[in-house]
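First to last, the sequence lines map onto chains C and Z. The opening residue of the first sequence carries number 305 in our numbering; numbering runs sequentially from there. The opening residue of the second sequence carries number 305 in our numbering; numbering runs sequentially from there.
Just so you know, these hints were derived from the structure itself, not from any lab. Please note: incorrect hints may appear among the correct ones.
Treat identical chains as interchangeable: a pair holds within one or across any two.
DSS-like cross-link-like pairs, simulated, lysine-lysine; straight-line CA separation at most 30 Å [as the list claims (entries may be wrong)]:
| # | residue 1 | residue 2 |
| --- | --- | --- |
| 1 | Lys404 | Lys355 |
| 2 | Lys563 | Lys404 |
| 3 | Lys306 | Lys404 |
| 4 | Lys444 | Lys461 |
| 5 | Lys689 | Lys670 |
| 6 | Lys306 | Lys513 |
| 7 | Lys355 | Lys306 |
| 8 | Lys355 | Lys444 |
| 9 | Lys444 | Lys629 |
| 10 | Lys480 | Lys647 |
| 11 | Lys563 | Lys720 |
| 12 | Lys563 | Lys713 |
| 13 | Lys720 | Lys423 |
| 14 | Lys513 | Lys563 |
| 15 | Lys480 | Lys563 |
| 16 | Lys471 | Lys306 |
| 17 | Lys355 | Lys445 |
| 18 | Lys513 | Lys720 |
| 19 | Lys629 | Lys647 |
Protein chains: 2
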Amino acid sequence: MKARIVTIGDEILIGQIIDTNSAWLAAQLNALGVRVHSIYSISDTAEAIHKALDESIDQVELVLMTGGLGPTKDDITKAALADWFESDWKIDETVLARVKHHFASRGIPMPAVNLDQAKVPSVCEILTNEHGSAPGMWFKKGNTVFISMPGVPYEMKAIFADQAVPKIVERLSLSKIVHKTIMTQGIGESSLMEIITPWEESLKEFDLKLAYLPSYGLVRLRISGYETTNAAIDQIMQQKVDELLPLISDFVYGFDDEKLEQVVGRILASCDQTIATAESCTGGYLAHMITSVSGSSAYYKGSALTYANDAKVNVLGVAGNTIDKLGAVSEEVAIQMADGARKLLQTDFAVSTTGVAGPNGGTDEKPVGTVWIGIASPSRTYALKFMMGNHRERNIRRTALHALQLVRKEVMRENKLSLEDVLLRNNN
Amino acid sequence: MKARIVTIGDEILIGQIIDTNSAWLAAQLNALGVRVHSIYSISDTAEAIHKALDESIDQVELVLMTGGLGPTKDDITKAALADWFESDWKIDETVLARVKHHFASRGIPMPAVNLDQAKVPSVCEILTNEHGSAPGMWFKKGNTVFISMPGVPYEMKAIFADQAVPKIVERLSLSKIVHKTIMTQGIGESSLMEIITPWEESLKEFDLKLAYLPSYGLVRLRISGYETTNAAIDQIMQQKVDELLPLISDFVYGFDDEKLEQVVGRILASCDQTIATAESCTGGYLAHMITSVSGSSAYYKGSALTYANDAKVNVLGVAGNTIDKLGAVSEEVAIQMADGARKLLQTDFAVSTTGVAGPNGGTDEKPVGTVWIGIASPSRTYALKFMMGNHRERNIRRTALHALQLVRKEVMRENKLSLEDVLLRNNN
């Protein structure tokens with residue numbers, strides 16, 4: 305089955321916002337096994353909407369429209385749809401009750417214009433919007449289904465996932481597709497491929513497919529399969545995952561889009577232990593990742609961000625002559641930083657970063673991208689060297705990811721936890 | 305004049321990458337005074353490419369195509385274009401020399417397949433690619449110009465800005481459009497509007513237009529005007545900016561997309577002074593913003609990121625009984641954190657953040673979004689309270705921006721600098 309995504313509104317056409325809705329919908333459709341034929345961004349006019357619908361009906365079986373349903377622009381888009389589907393209007397009582405309740409609960413009298421939000425083309429079926437007043441709408445003409453949703457991302461996502469997907473699967477008789485995503489860090493796409501190609505071959509027998517999805521220093525491995533009549537797909541997937549994990553156990557940290565910083569936080573919280581950071585080259589980004597997890601104050605005590613050498617000495621107690629002799633980017637300084645942070649912030653673990661993020665500051669001996677990461681735990685302290693590229697922003701992110709991966713392994717080692725102990729098997 | 309942007313390739317259709325190229329091109333075209341009629345993302349097949357071209361020739365006068373010119377996919381797209389334009393092939397000597405030089409300079413023998421990169425449809429004009437081997441191509445059919453560019457963002461951007469824009473302006477007889485963008489922080493779109501509406505009215509006389517471009521805690525004000533024959537446009541723009549600045553001097557920090565963290569860094573570096581941060585609720589994000597500026601180690605010494613209360617006491621010397629009595633989110637703690645960081649890291653200035661980022665941790669007295677920012681300078685220390693919303697990620701970013709804005713003002717005050725002293729007037 306082929307689909308088209310149509311984004312309605314001028315914000316994208318003037319380059320004011322980036323179209324993230326379409327990327328999200330495309331990934332969702334792809335995961336459902338629906339091929340996205342094309343994505344159109346068009347203007348919020350009846351003419352442009354009609355043209356897009358005309359051009360779609362013979363080309364695709366599913367059209368997903370987003371945007372153009374805000375309170376001020378409501379009339380044009382809905383009217384354009386009613387027009388094209390040659391439909392009368394009806395008042396949807398559920399939407400009306402929702403809009404009335406919205407105003408009543410705030411003690412505000414409802415402006416008459418908001419009554420219009422409950423007015424919808426009579427030929428459409430309503431897709432309930434749990435998070436806003438503009439409902440989703442489901443139309444059918446010829447062999448094509450047309451779905452209109454508001455452009456506000458969290459409203460659109462909820463309507464699509466909760467309301468549209470079940471109907472799409474049922475009405476368009478899609479085979480239900482099942483996915484499992486394995487999250488890896490610390491290995492590139494091609495190196496992964498070399499290791500797991502024989503295993504990948506074994507997927508064919510069960511008609512399972514594998515996708516490599518690299519993004520920003522991580523590679524996600526997504527296994528997909530259609531639900532077979534014997535419903536054994538879940539077991540087969542589980543078996544294949546069990547065969548895969550031992551091959552790449554050094555790199556796997558979780559399933560299904562769980563973030564590495566969430567995994568680290570989850571393990572630390574479950575062990576009732578704490579961590580501190582001592583950052584130089586990552587410049588606060590590692591702390592930012594850790595504290596972006598809500599509830600991180602339970603296990604994260606803080607960071608000594610020692611950008612300047614004298615800060616390393618004064619705040620973390622790094623020996624001045626170590627820096628003089630070996631330089632700030634060195635194994636010994638990384639170790640002293642981690643030890644210093646663990647002591648200063650009185651935590652169970654500490655992690656340090658020191659390196660040349662670039663684009664300047666590299667030398668022959670320590671080129672841009674040279675990074676040392678230090679790890680201090682109750683039983684030991686050590687540091688590892690990494691060579692990143694020469695792109696400042698990417699180096700910072702990659703270093704932070706490597707640091708989190710090392711922390712995860714050290715916390716597991718210290719607490720004698722196996723990969724199986726810490727993975728969330730059903731993280732959907 | 306109307307334009308269409310066409311993105312060729314499957315990465316966007318499967319949702320693997322977000323289409324940032326189109327947003328960039330749309331903003332550029334908009335700035336040139338060209339209206340973007342629509343944006344299409346299509347598959348990398350001759351059929352899809354031909355259909356998009358067929359649908360475009362009668363609808364728009366300019367088609368910008370990106371993608372589908374990588375070394376492995378070269379043949380399909382270029383062949384599809386040659387086909388549609390009914391063109392023979394030619395070898396472009398400049399492109400050939402460039403490809404040969406690329407391999408020679410690395411001492412690698414050139415694979416025969418790379419010769420194909422110099423093969424282009426004979427009806428096209430070449431747009432030189434300074435950063436890669438696949439050239440841009442300029443076609444004309446009927447009244448429509450078609451430009452094909454590689455999808456790699458920095459290659460595409462250079463080809464478009466340096467090669468395509470001058471030709472578009474010349475061949476399509478566009479009036480040259482002039483812009484000036486004023487960057488503001490700390491005031492919303494509607495409040496800005498209330499202040500500057502009378503001034504905005506005065507733009508009409510000169511046929512100047514104003515756009516409010518809000519994004520992530522900032523509002524950019526963009527003034528646009530067409531170059532008039534008397535070439536007075538630059539002077540008129542300058543005069544209008546001079547009239548505007550005094551009205552909103554509390555919020556203006558720069559021109560033309562300069563970042564607030566760059567401005568702060570520029571001012572500190574020019575005064576040969578240093579700064580430290582003491583972060584709690586921003587969790588490292590403020591440090592990350594400051595250190596994302598290359599060269600920041602010249603003025604930034606580091607941060608004490610004291611997430612836990614005992615870290616505030618042990619690292620920054622905040623008094624334990626102050627926290628007990630007033631809570632960690634308080635004016636007094638913000639002040640003690642800023643003073644502590646300035647002393648600990650031996651800097652001229654320090655800035656601190658302490659607040660309830662959310663989504664949890666709020667109380668009736670201090671709801672989610674309550675933030676104190678402290679500023680310490682050689683002559684004084686003070687703290688200001690801000691009320692953010694209840695979205696964790698946005699609160700963190702907004703707090704960091706407010707903190708940078710306060711730092712900018714304090715450094716200027718301490719060094720007796722006026723806004724005029726620190727603005728980069730010609731930042732294009």
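Comparing the hints with the structure gives:
1. Lys404 to Lys355: Neither: 35 Å inside a copy, 47 Å across copies.
2. Lys563 to Lys404: neither (40 Å within a copy, 44 Å between copies)
3. Lys306 to Lys404: This pair counts as neither: shortest intra-copy Cα distance 39 Å, inter-copy 42 Å.
4. Lys444 to Lys461: Classified as within; 21 Å inside a copy, 41 Å across copies.
5. Lys689 to Lys670: within (11 Å within a copy, 44 Å between copies)
6. Lys306 to Lys513: within (19 Å within a copy, 42 Å between copies)
7. Lys355 to Lys306: both (19 Å within a copy, 16 Å between copies)
8. Lys355 to Lys444: Both, since 17 Å and 25 Å are each at most 30 Å.
9. Lys444 to Lys629: Answer is neither: 74 Å inside a copy and 64 Å across each miss the 30 Å cutoff.
10. Lys480 to Lys647: Classified as neither; 53 Å inside a copy, 62 Å across copies.
11. Lys563 to Lys720: Answer is within; shortest intra-copy Cα gap is 22 Å, inter-copy 47 Å.
12. Lys563 to Lys713: Cα proximity of Lys563 and Lys713: one copy only (15 Å, versus 38 Å across).
13. Lys720 to Lys423: neither (61 Å within a copy, 60 Å between copies)
14. Lys513 to Lys563: For Lys513 and Lys563, the Cα distance is within 30 Å only inside one copy (23 Å; across copies 44 Å).
15. Lys480 to Lys563: within (26 Å within a copy, 47 Å between copies)
16. Lys471 to Lys306: within (16 Å within a copy, 38 Å between copies)
17. Lys355 to Lys445: Both: 15 Å inside a chain and 23 Å across chains, each within 30 Å.
18. Lys513 to Lys720: neither (34 Å within a copy, 65 Å between copies)
19. Lys629 to Lys647: So Lys629 and Lys647 pass the 30 Å test inside a copy (24 Å) and across (27 Å) alike.
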